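Taken in order, these protein sequences are the chains called A and B.
For the first sequence, this note's numbering puts the final residue at 135, and the numbers step up evenly by one.
For the second sequence, this note's numbering puts the final residue at 1186, and the numbers step up evenly by one.
Hints are computed from structural coordinates only; laboratory data are not their basis.
All values reported here derive from a predicted model rather than from experimental measurement.
One or more of the hints may lead you astray.
[Claimed, not checked] When the alpha-carbon atoms are kept at most 30 Å apart in a straight line, the in silico BS3-like pairs for lysine-lysine are as follows:
#1 A:LYS73 x B:LYS1008
#2 B:LYS1160 x A:LYS47
#3 A:LYS15 x B:LYS1075
#4 A:LYS8 x B:LYS1160
#5 A:LYS47 x B:LYS1008
#6 B:LYS1107 x B:LYS1008
#7 B:LYS1149 x B:LYS1041
#8 A:LYS88 x A:LYS47
#9 B:LYS1046 x A:LYS8
#10 B:LYS1075 x B:LYS1160
#11 A:LYS56 x B:LYS1160
#12 A:LYS8 x A:LYS88
#13 A:LYS73 x B:LYS1141
#14 A:LYS73 x B:LYS1107
#15 B:LYS1160 x A:LYS131
[Said to hold, decoys possible] Restraint ranges, calculated between C-beta atoms of paired labels, are given here:
#16 A:VAL121 x B:ARG1065: 51 to 59 Å
#17 B:LEU1164 x A:ASP86: 40 to 48 Å
#18 A:LEU120 x B:MET1083: 22 to 30 Å
[As the list claims (entries may be wrong)] Where chain A lies over chain B, by a calculated footprint (3+ residues, C-beta under 8 Å):
#19 1017–1025
#20 1084–1098
Every residue, glycine too, gets a C-beta built ideally from N, C-alpha and C.
Each chain, written out:
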Amino acid sequence: MDPLLIEKMQQLQIKKLLETTYREISSIQLIVLASVDGFNLATSGSKAQDFNLPEKFAAMASSMAALSQAAGKELDANHQSVTILDFKGLQIVLRIVKTSTNTFILAIAESKEIILGNLLVKARDCAQNIKEALQ
Amino acid sequence: MIMVQEYKLLFVGGMGVGKTTAITAVSEIPPVSTDVANSDKESFDKESTTVTLDYGRITLPSGDRLRLYGIPGQKRFSFMWPMLENGAMGIILLADASRPDPFAELKIFLDAFSSILSTGRAVMGIGRLSDERALLDGYNKLLDDYQFKIPTFSIDVRRKKDVLLLLDALFTQIEVVEDSYRDPDQ
Ligand SMILES: Nc1nc2c(ncn2[C@@H]2O[C@H](COP(=O)(O)OP(=O)(O)OP(=O)(O)O)[C@@H](O)[C@H]2O)c(=O)[nH]1
Ligand SMILES: [Mg+2]
Chain A
1 MDPLLIEKMQ QLQIKKLLET TYREISSIQL IVLASVDGFN LATSGSKAQD FNLPEKFAAM
61 ASSMAALSQA AGKELDANHQ SVTILDFKGL QIVLRIVKTS TNTFILAIAE SKEIILGNLL
121 VKARDCAQNI KEALQ
Chain B
1001 MIMVQEYKLL FVGGMGVGKT TAITAVSEIP PVSTDVANSD KESFDKESTT VTLDYGRITL
1061 PSGDRLRLYG IPGQKRFSFM WPMLENGAMG IILLADASRP DPFAELKIFL DAFSSILSTG
1121 RAVMGIGRLS DERALLDGYN KLLDDYQFKI PTFSIDVRRK KDVLLLLDAL FTQIEVVEDS
1181 YRDPDQ
């Protein structure tokens, strides 16, 4: 069962924000806001309706973000903000979203129809909007 | 030249059985932790939960090294389980006897890790066992049903010597299994 991390109203609001980003970048396969421990809180994207995929992606995003954080820590780097994964025909950006009370992960998988820099800017803006909605 | 061996051992069990606690108790290096804030206090009321893996290390007097890995216990991270099981030479299966339905929870791991558990290269540590003989018998019966020949111990994962006892027992267990391969009549 999913914990009630954010209120229903906020959840709808965040889903709208994710949908806005998806409208701006139609090559987004999945855009998910996950709790730091891998619960799927809101989803959009062309694969948002695929059975179980958003849930799985949210859990994996939390694992990958934690692993990159652990790697950074071994090398004395702190305050991780972004993890980037690069594939043929797919890029994944994981962005930490910190509010005063909680930490979330914004995870975006996109078919590489836009350049990484643009995707990073969109991810940053979307994260900022989410943060404001949750304050 | 002396050959130093490395052994990969895996701590397995559900949320809150104490995989992270056990590895932290015995590791000679600060363990690699991927614990984050736990937002599902209903499933288990504790501050943090593992989302990728635990990693710790012990060097034996012989110079051999134990690499200790722990799984994330929550089911949604089960995609990590086969990756972590890969190459493991033995399993430390942990259980929490105070859970509402301890056997059902354990079955998930008996099924998921059956390929190693069925070889007998494993030990089981049961925590929070408040001298209830019946419960220990229940665990042994469950292992029998699966035809897993795994010794069980009542332990407290927070105590270093208990975790070391489990590791010791695991090595004995692995030796027994290897001897029986060498001498199939046994
Ligand atoms: N009171 C009490 N607490 C215990 C006992 N055994 C373990 N604990 C506590 O139970 C908790 C176990 O938590 P973790 O080590 O994070 O458990 P885990 O198996 O790594 O869980 P996940 O990573 O979420 O799968 C710790 O807070 C321990 O201190 C016990 O016998 N008595
Ligand atoms: Mg853990």
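Taking the hints in turn, this is what the structure says about them:
1. A:LYS73 x B:LYS1008: 23 Å, holds
2. B:LYS1160 x A:LYS47: Answer violated: LYS1160 (chain B) to LYS47 (chain A) is near 47 Å, above 30 Å.
3. A:LYS15 x B:LYS1075: Distance of about 25 Å is within 30 Å: holds.
4. A:LYS8 x B:LYS1160: 44 Å, violated
5. A:LYS47 x B:LYS1008: 38 Å, violated
6. B:LYS1107 x B:LYS1008: 23 Å, holds
7. B:LYS1149 x B:LYS1041: Distance of about 34 Å is beyond 30 Å: violated.
8. A:LYS88 x A:LYS47: 18 Å, holds
9. B:LYS1046 x A:LYS8: Distance of about 24 Å is within 30 Å: holds.
10. B:LYS1075 x B:LYS1160: 27 Å, holds
11. A:LYS56 x B:LYS1160: Given that 30 Å is the threshold and the Cα spacing comes to 35 Å, the pair is violated.
12. A:LYS8 x A:LYS88: 37 Å, violated
13. A:LYS73 x B:LYS1141: Judged against 30 Å, a Cα distance of about 44 Å means the pair is violated.
14. A:LYS73 x B:LYS1107: 35 Å, violated
15. B:LYS1160 x A:LYS131: 42 Å, violated
16. A:VAL121 x B:ARG1065: 51 to 59 Å: 45 Å, violated
17. B:LEU1164 x A:ASP86: 40 to 48 Å: 43 Å, holds
18. A:LEU120 x B:MET1083: 22 to 30 Å: 28 Å, holds
19. 1017–1025: Not satisfied, violated; 0 residues make the cut.
20. 1084–1098: That given contact is violated, which follows from only 0 residues of the segment 1084–1098 of chain B lying within Cβ reach (below 8 Å) of chain A.
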